[in-house]
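Residue numbers (our numbering), protein chains in the order written: chain A, 301 to 626; chain B, 301 to 626; chain C, 301 to 626; chain D, 32 to 144; chain E, 32 to 144; chain F, 32 to 144.
I should point out that these hints are in silico values taken from the structure, not numbers from a laboratory.
Computed from a prediction, not measured in an experiment: that's the story for all the values here.
Heads up, the beta-carbon is just placed ideally off N, CA and C, and yes, glycines get one too.
Among these hints, one or two may not hold up.
[Stated by the list, open to error] No more than 16 Å apart at the CA atoms, straight line, and that leaves these computed lysine to aspartate or glutamate pairs for EDC-like: (1) 333/C / 467/A; (2) 333/B / 50/E; (3) 129/D / 111/F; (4) 129/E / 111/D; (5) 458/A / 591/A.
[What the hints assert, rightly or not] Just some of the chain A residues that point at chain B, by a computed CB distance under 7 Å: (6) 316; (7) 318; (8) 506; (9) 507.
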Amino acid sequence: MNESGALLDILRANLLSPIPLAFALGVAARLLKSEFSLPRDIYAGLGIYLLFALGLKGGVELGNAPLAAIVVPALVTLGLGVIRPLTSYGVLRSVGRMGVADSAGIAAHYGSVSAVTFIAALAFTDGVGLPAEGFMPTLLAILEVPGIAVALMIGAVKLGGDRPTGEVLHEVLTGRTLVLLGGGLLVGALSDPGAWEQVKPFYDGAIFKGALVLFLLEMGVVAGERLADLKETGAFLLVFGVVMAIAHGLLGAAVGTWAGLSPGGATVLASMAASASYIAAPPAVRMTIPEANPTLSLTAALAITFPFNIVAGIPLYLAFATWLAG
Amino acid sequence: MNESGALLDILRANLLSPIPLAFALGVAARLLKSEFSLPRDIYAGLGIYLLFALGLKGGVELGNAPLAAIVVPALVTLGLGVIRPLTSYGVLRSVGRMGVADSAGIAAHYGSVSAVTFIAALAFTDGVGLPAEGFMPTLLAILEVPGIAVALMIGAVKLGGDRPTGEVLHEVLTGRTLVLLGGGLLVGALSDPGAWEQVKPFYDGAIFKGALVLFLLEMGVVAGERLADLKETGAFLLVFGVVMAIAHGLLGAAVGTWAGLSPGGATVLASMAASASYIAAPPAVRMTIPEANPTLSLTAALAITFPFNIVAGIPLYLAFATWLAG
Amino acid sequence: MNESGALLDILRANLLSPIPLAFALGVAARLLKSEFSLPRDIYAGLGIYLLFALGLKGGVELGNAPLAAIVVPALVTLGLGVIRPLTSYGVLRSVGRMGVADSAGIAAHYGSVSAVTFIAALAFTDGVGLPAEGFMPTLLAILEVPGIAVALMIGAVKLGGDRPTGEVLHEVLTGRTLVLLGGGLLVGALSDPGAWEQVKPFYDGAIFKGALVLFLLEMGVVAGERLADLKETGAFLLVFGVVMAIAHGLLGAAVGTWAGLSPGGATVLASMAASASYIAAPPAVRMTIPEANPTLSLTAALAITFPFNIVAGIPLYLAFATWLAG
Amino acid sequence: MDLHELFLVTLVVEPVLEDHVTRDLLELGATGFTVMEARGRGTRGIRTGDIPGHNVRIETVVAKSVAERILTRVQEKWFEQYAVIAWAHPVKVVRGDKYVAGETQGEAEADEE
Amino acid sequence: MDLHELFLVTLVVEPVLEDHVTRDLLELGATGFTVMEARGRGTRGIRTGDIPGHNVRIETVVAKSVAERILTRVQEKWFEQYAVIAWAHPVKVVRGDKYVAGETQGEAEADEE
Amino acid sequence: MDLHELFLVTLVVEPVLEDHVTRDLLELGATGFTVMEARGRGTRGIRTGDIPGHNVRIETVVAKSVAERILTRVQEKWFEQYAVIAWAHPVKVVRGDKYVAGETQGEAEADEE
Ligand SMILES: Nc1ncnc2c1ncn2[C@@H]1O[C@H](COP(=O)(O)O)[C@@H](O)[C@H]1O
Ligand SMILES: Nc1ncnc2c1ncn2[C@@H]1O[C@H](COP(=O)(O)O)[C@@H](O)[C@H]1O
Ligand SMILES: Nc1ncnc2c1ncn2[C@@H]1O[C@H](COP(=O)(O)O)[C@@H](O)[C@H]1O
Ligand code: NA
Ligand code: NA
Ligand code: NA
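With the hints as extra help, turn the sequences into a complete structure.
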């Protein structure tokens, strides 16, 4: 009872903060058929800012962290990157009885990661006074690609045909997320502490969190737009999007704790593991597995798993990680 | 003499601040035929940020305010929303001898409200040390729609024909302004104070005011673009745009003071009442009263009333509200 | 040895800061064939913000500075504006053996100025504790136009034909840079100190520098895009872009010091003098000297001189200015 | 190859009309449309938003009879009171049978090329 | 319905030319034009701004004689030294009489459809 | 004036295809192309990005045989599995000889106007 009371408190603290509320506002605006939406370039610009800020801050911390502290979490993260598309594919094929193409397509999304979920987890653990390790953005960069690669391989092997898989993986590796995150890590790690201090308030604290709130407002609109597709995608995907998130999230919290991460760090790793990509994976899947229906994967990632994590998943993983640590 | 001296001081304090100066710069750039203008999406993005910030801050204050303190100002504001389109329509028809369509069209603009005028009044009263009540954004949300509705009704009744008035009012109710303002109010009111503090500096203080200055630079360009139309729209509209602002402004200050608002609050209510919409009203009028010439209403709202309020109206209403209170 | 040690320290301090590192990241992203780039409107918006902030801050300082202190630096700057296109043209014609059109076109770029180089120099001198005089943005405004005018005159006289030179100079004079910089200077100079303080944090300090870092990331992408053209433009232009920068930079440092500027101020003037325009000059040259190959001038300005100054030039000019002063 | 002769109808309208006009298109038998942001100048210079001359350009590939109905609708419903220009011309369309619905089914003339 | 046969002239030009070209259009008898942002690739690859391949696409509905004058002007004044492509084709225009000015008045052939 | 009759091929495709389709165009003999951002609605409603209906519109001026090859390629390679629409029609092009490459050189019919 004490523990479930703590979980409820955490849930409440998460729900009554601008991040999920702004997301809910965006969804509500869409459901009320409002034409409101952030201009496309502003939305893209905010996303770029958030990723780059994340990279910079991670890089500065990376410069300070002992390499040894990162090795095990990094390997564990890589492992999650390989395992998650396989579990996803397995469940979709055997339980969901979906075709190879759709299963591989969705698995690529659940093998990669949603940076915004990661950021929300970071802000949340920070807000409740259990900040994650500073090197977490490095783990985010590690988790972006392998899952997509594994799923595309499954698609290429099982479906045959002439697919531009290599070319597409190059696109993922040089995509916006990795340039900003990986590049930001480098810039942050190389920068003199004094020079970093001069720009830090722009990339951290209230400006970072305030921009995140605005970004989530529009993500709410985008996700709300997809809600209509839920009818078409069916009940199985709805359950899949939630159960897969919880399963991967608990797994992430467990292996994160095992790898020596603090409860905050384990929560953030769990949130990453529980999330599904909707930026890097979709075009990669589209070009290599065109037989897969993109509505299925995008609806699952954006309209089911993302909101679930933002609203309930992250606090749940924190409760689990705290319980494991305690 | 003492009072007119005080008014002059207030006027000077208003004029020599970045907000009206940036607006003047934008107008000047246009008159010098500069091609400078803010990219469309940046302008839209700044507008969205300002409205959302306004809503959030208002919502946080709303959470703190006793409901009783708001009821009377809210009812008074609703009253202003109903009366202003009627006075505007009456003056346009009887004094200006304009047709029904143009009169109803302009009345819709002067029945609604300009959020930027509101924000400038907020920044101004804040700057002179007479901050308005925290719940003012709620009043802004209340004043947006009724005036448009009343004027469109006049148009529908007097002109007949098959007009999509209901559908258009739904668009106004779910338009950008109300989603951001009303939604922001909700998000702010529901957020935990601790969570709000973490993003507050992004939505308040120097960042909010600095973004407002940039926004006004572009509004100057937009209004400057309209100045050329003044020739076409004639002297009556010029006088109307100023006199109507003053009349509604003094009325707003009076009823605001009567309703118990502080001098700062009465000034902001006055500035709202004195302002004319150029975002919500134009498309609503265009779709329901296409017989109305949009150049007339937009030029009056943007190139006459808006600059008048920014430059001279707001300080004038403050002087009046202070005098009433004193 | 002591002095070259100091230069190395300065170079290191410059290189290991987010500004050149972000630029390098942008270049690297392009060379890795990443599709990453900032949305066009965000890039334009950041540029507008930086210029306007620069103008505002310069204007506030201008209001405080004794006029006498500025007169000599201003005249010296004007002199640089007239001399630099002539030296550039002379070198291009006689040493480079380039045609009249290309020489005049490139000279217009090297006669004007790169505002971002100026801002980077400002941030750099500030960072090493040798801040430049507050009125430097005034000098930037003075240096923008004359060099372009001189070079277009050369083109008009030597090439003959019917060229819209007057009209095009009007466009330069009312272009984005001068509206924001000159207009910002006016707004800043006229604003009450109290009113300025309320918006200052938005236009100064970490937000300004943080936005500059983001801007340079995209400038890296843009410059990286041009690197491929280096093959086409040849070795002479590569040498020209570096040597001309150093020559104009050292000249700027010398006359700046002579005119009474502090080492920081002389460094910033030097960096201006060493820079080449890539915003104001290109369209002006395109419309008046269409015979000139725009790839030559843009590649020289953007892919050679700009990176050279950001990476090595600015520290070099600082070392020279410090040596002159010491 | 599977080419059919259909008509491309292009409309440039003030932004406020976008939803209303596209609804009309679908109602009159179009199966889809493509929209782009545009700006422009004409003789009427109706200034309907804060960005003067901001328009949207809508194009739709339709059967001939649908094109005629659309142009008639434009002229009767929108042309007088709004900033609108509309034109049409024949085009060859890949798998053009996909863009003819209901009664106009027979109209997409297969091309013998 | 009130259809007239006119010509649609389309020009894709580098951005710096926009004002100059549209002024030419009006001078040569066009009553209006529509502009859109575009990007592209051609054989000359003239790199004229910081965004390579950034262009504007201008289209104007005009009488046949005006179309010919515009195309001639493009070829003689702009084509050699600037990144420009221009094409034209006939279109049926709603109330096309509105888009022919001055001497070309008679040219908008009314359509009997 | 130097007019040639060529074909304008227009394709509206989902954004992810842009690079792949433009590469095809050049491979099949186009000398250039112009791209614009668009949005739209069709019958298949494939939702491929976070902005539903976001498309790119590509147009290319080519010789007739190249146009045919492009349309065939579209139908065979892209049409089934992607959101694509493509159409073509003849246009008169200023200095149209510039846009025909290699074997199709002779195809740009000079115009006698
Ligand atoms: N002759 C024309 N050719 C192409 N577009 C035109 C033409 N005339 C008008 N337009 C477009 O239609 C819009 C409204 O024109 P108007 O109703 O004549 O003011 C303009 O803003 C242009 O975008
Ligand atoms: N064959 C073509 N079809 C369509 N657009 C073209 C073509 N060739 C060139 N363009 C456009 O015209 C611009 C200039 O082309 P160019 O002068 O050949 O370098 C390009 O950036 C394209 O937007
Ligand atoms: N009849 C049409 N006319 C013009 N554009 C169309 C038409 N049908 C489809 N499109 C465009 O092609 C895209 C894909 O259509 P579809 O594959 O039918 O879903 C849409 O988003 C539209 O931009
Ligand atoms: Na992603
Ligand atoms: Na409004
Ligand atoms: Na410049």
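Status of the hints after comparison with the structure:
no.	hint	in the structure
1	333/C / 467/A	12 Å, holds
2	333/B / 50/E	13 Å, holds
3	129/D / 111/F	12 Å, holds
4	129/E / 111/D	12 Å, holds
5	458/A / 591/A	12 Å, holds
6	316	5 Å, holds
7	318	5 Å, holds
8	506	4 Å, holds
9	507	5 Å, holds
The structure shown violates none of the earlier numbered hints.
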